[in-house]
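Asker: Residue numbers (the working numbering), protein chains in the order written: chain D, 1 to 111; chain U, 1001 to 1114.
No lab work stands behind these hints: they were computed from the structure.
Positions of the beta carbon are idealized from the N, C-alpha and C atoms, including for glycine.
The reader is advised that the hints may include incorrect statements.
[Said to hold, decoys possible] Partner residues are not named here, just some residues of chain D that face chain U (Cβ under 7 Å, in silico):
1. P40
2. G43
3. P44
4. F46
5. A53
6. K57
7. T65
8. K69
9. F72
10. F101
11. Q103
If you want the building blocks of each chain, they are given just below.
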Amino acid sequence: EDQVTQSPEALRLQEGESSSLNCSYTVSGLRGLFWYRQDPGKGPEFLFTLYSAGEEKEKERLKATLTKKESFLHITAPKPEDSATYLCAIDGGTSYGKLTFGQGTILTVHP
Amino acid sequence: DTAVSQTPKYLVTQMGNDKSIKCEQNLGHDTMYWYKQDSKKFLKIMFSYNNKELIINETVPNRFSPKSPDKAHLNLHINSLELGDSAVYFCASSHPGTSGRGQFFGPGTRLTVL
Chain D
1 EDQVTQSPEA
11 LRLQEGESSS
21 LNCSYTVSGL
31 RGLFWYRQDP
41 GKGPEFLFTL
51 YSAGEEKEKE
61 RLKATLTKKE
71 SFLHITAPKP
81 EDSATYLCAI
91 DGGTSYGKLT
101 FGQGTILTVH
111 P
Chain U
1001 DTAVSQTPKY
1011 LVTQMGNDKS
1021 IKCEQNLGHD
1031 TMYWYKQDSK
1041 KFLKIMFSYN
1051 NKELIINETV
1061 PNRFSPKSPD
1071 KAHLNLHINS
1081 LELGDSAVYF
1091 CASSHPGTSG
1101 RGQFFGPGTR
1111 LTVL
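Just chain D, with the same shape it has in the complex (with noise of 0.2 Å):
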């Protein structure tokens, strides 16, 4: 069975304070990893799609890195507007377009 586990739950910054989420995986056959991110009171917004190992993504102030067994999302040098929560989700590919989804992380960044 797919599963997915993102760490740490919650991650508080100072502005500018650079940091990385985690977000590790089980599956069987890695089709697709996915970062998005969840505004309070709304739905997730796709960031990047990871498809094989050493494969990285950036957007902004977000870079996101891919191993064998885990993904990183690296925030350089955040703003306040970088707050939400971020969610790491794989598609194993065991049904069309199935995600699994970690339980997210909640970053803060302090002005």
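We have chain D already, so just place chain U on it with the hints.
Answerer: What follows is chain U alone, placed relative to chain D:
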């Protein structure tokens, strides 16, 4: 210009009632999904339809019945509501065989069962 829309945004009802949530997408996607997000923010897939055909049906009580009148709409009907059904329900859509472009989520419907 809303991509994935859901109605209602909030739904408060009594135990035992029957209710429906509607979802529409204008992205031209063929695949639509229903997810449940519990109080701990854990997001779990319930159903998926591809071009009006049911393709994912997770372990969900029979009281939940999805209906897709066309590929742009996916509704969720819930019979005999229970306290444990209280959650936020998200609709999503994607291109077929999506992985690359991700799934696009609606704003959610917060269901509270009293």
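Asker: Decide, hint by hint, whether the structure agrees.
Answerer: Hint-by-hint comparison with the structure:
1. Hint status for D/P40 relative to chain U: violated, with the closest Cβ pair at about 10 Å, above 7 Å.
2. The interface hint given for D/G43 holds, since its Cβ lies 3 Å from the closest Cβ of chain U, which is under the 7 Å cut-off.
3. Against a cut-off of 7 Å between C-beta atoms, the interface hint on D/P44 holds, since the closest Cβ of chain U lies about 5 Å away.
4. Of the supplied interface hints, the one on D/F46 holds, with its beta-carbon coming within about 4 Å of a beta-carbon of chain U, less than 7 Å.
5. With a least beta-carbon distance of about 16 Å to chain U, the hint placing D/A53 at the interface is violated under the 7 Å criterion.
6. Violation of the interface hint for D/K57 is found here, the shortest Cβ-Cβ separation to chain U being roughly 12 Å, above the 7 Å cut-off.
7. Interface hint at D/T65: violated, since its Cβ lies 17 Å from the closest Cβ of chain U, which is beyond the 7 Å cut-off.
8. For D/K69, the shortest C-beta to C-beta distance to chain U is roughly 19 Å, which exceeds 7 Å, and the interface hint is violated.
9. Of the supplied interface hints, the one on D/F72 is violated, with its beta-carbon coming no nearer than about 18 Å to a beta-carbon of chain U, more than 7 Å.
10. Hint status for D/F101: holds, given a least beta-carbon distance of 4 Å to chain U, under 7 Å.
11. A cut of 7 Å between beta carbons decides the hint on D/Q103: the least distance to chain U is about 5 Å, and the hint holds.
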